[in-house]
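Visitor: Sequence:
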Amino acid sequence: MQLSRLVNFHKTIGDKTRIRIVSLLKDGPLHGQAIAGKLGLTAPTISHHIAKLREIDIIYQRREKNTIYFYLNDKKLAVMAQAIIRIGSEEGMKFFEVEEEEKYKVLKNFIQSDGKLKSIPAQRKKKLIVLEHVLKGLEVGKTYKESDLNEYIKNYHEDFATIRREFVMCQFMFRQNGEYELNPREMWPI
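Mapping of the sequence shown onto the UniProt record's numbering: position 93 corresponds to residue 93, and the numbering continues sequentially without gaps.
Hint data in this document are derived by calculation from the structure and do not stem from the laboratory. Treat the hints with caution; some may be incorrect.
What the hints assert, rightly or not - Calculated pairs, DSS-like style, for lysine-lysine (alpha carbon to alpha carbon, straight line, at most 30 Å):
| hint | residue 1 | residue 2 |
| --- | --- | --- |
| 1 | Lys38 | Lys75 |
| 2 | Lys118 | Lys154 |
| 3 | Lys154 | Lys105 |
| 4 | Lys136 | Lys108 |
| 5 | Lys116 | Lys127 |
| 6 | Lys142 | Lys116 |
| 7 | Lys136 | Lys154 |
| 8 | Lys136 | Lys116 |
| 9 | Lys65 | Lys52 |
| 10 | Lys136 | Lys126 |
| 11 | Lys145 | Lys126 |
| 12 | Lys145 | Lys125 |
| 13 | Lys116 | Lys105 |
| 14 | Lys76 | Lys125 |
| 15 | Lys108 | Lys126 |
| 16 | Lys103 | Lys127 |
| 17 | Lys108 | Lys154 |
| 18 | Lys11 | Lys26 |
| 19 | Lys52 | Lys26 |
| 20 | Lys118 | Lys103 |
| 21 | Lys142 | Lys126 |
| 22 | Lys103 | Lys76 |
| 23 | Lys116 | Lys103 |
| 24 | Lys154 | Lys116 |
| 25 | Lys103 | Lys125 |
| 26 | Lys118 | Lys108 |
| 27 | Lys142 | Lys118 |
| 28 | Lys103 | Lys145 |
| 29 | Lys76 | Lys116 |
| 30 | Lys16 | Lys26 |
| 31 | Lys65 | Lys103 |
| 32 | Lys76 | Lys136 |
Here the structure is a predicted model, which is why all the values come from computation and not from measurement.
I would like the entire structure built from these sequences, with the hints used as guidance.
Guide: Right, dumping it as structure tokens:
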């Protein structure tokens with residue numbers, strides 16, 4: 001998980017109205033007017049806070065006829081709330097535990113003899129194994145320009161944009177102002 005996402009989560013959730021909204025939604029889905037009524041706030045105020053909570057993915061919505069109901073993403077909330085405790089621990093923030101033998105089998109299936117990728121795996125666990133392998137030539141603490149990262153990725157696969165995007169989405173790398181940097185290893189999902 002990117003450290004910036006963790007900081008953003010805590011900044012966003014650190015508002016008493018947002019905490020009250022989360023508290024209401026833990027008992028089940030509600031529509032915006034119901035939330036506004038229970039909290040004694042206006043609908044636009046609730047919409048603003050809901051939008052902020054949706055940005056950090058701890059609330060999602062579903063439409064039922066003409067009404068939009070908001071649901072609490074319990075799993076995401078729990079992961080994000082526990083993430084700060086897990087930074088630097090042995091388990092780090094791993095979502096998948098993978099044995100070396102399993103990594104070897106996956107890499108054997110997806111890496112050609114010349115080191116290039118045959119394809120990008122669709123299955124998340126296999127994709128993470130392959131992405132981790134591709135990252136091995138990059139240095140922790142070094143900042144890479146997007147063009148330099150693209151050239152590096154081309155050594156493995158021609159679709160550098162997809163792989164670069166996956167590096168960030170899977171939290172292997174952090175992107176800011178068109179520059180990329182590896183997250184600390186304990187923050188990687190695998």
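Visitor: Taking each numbered hint in turn, which are not upheld by the structure, reported in ascending numerical order?
Guide: 29 and 31
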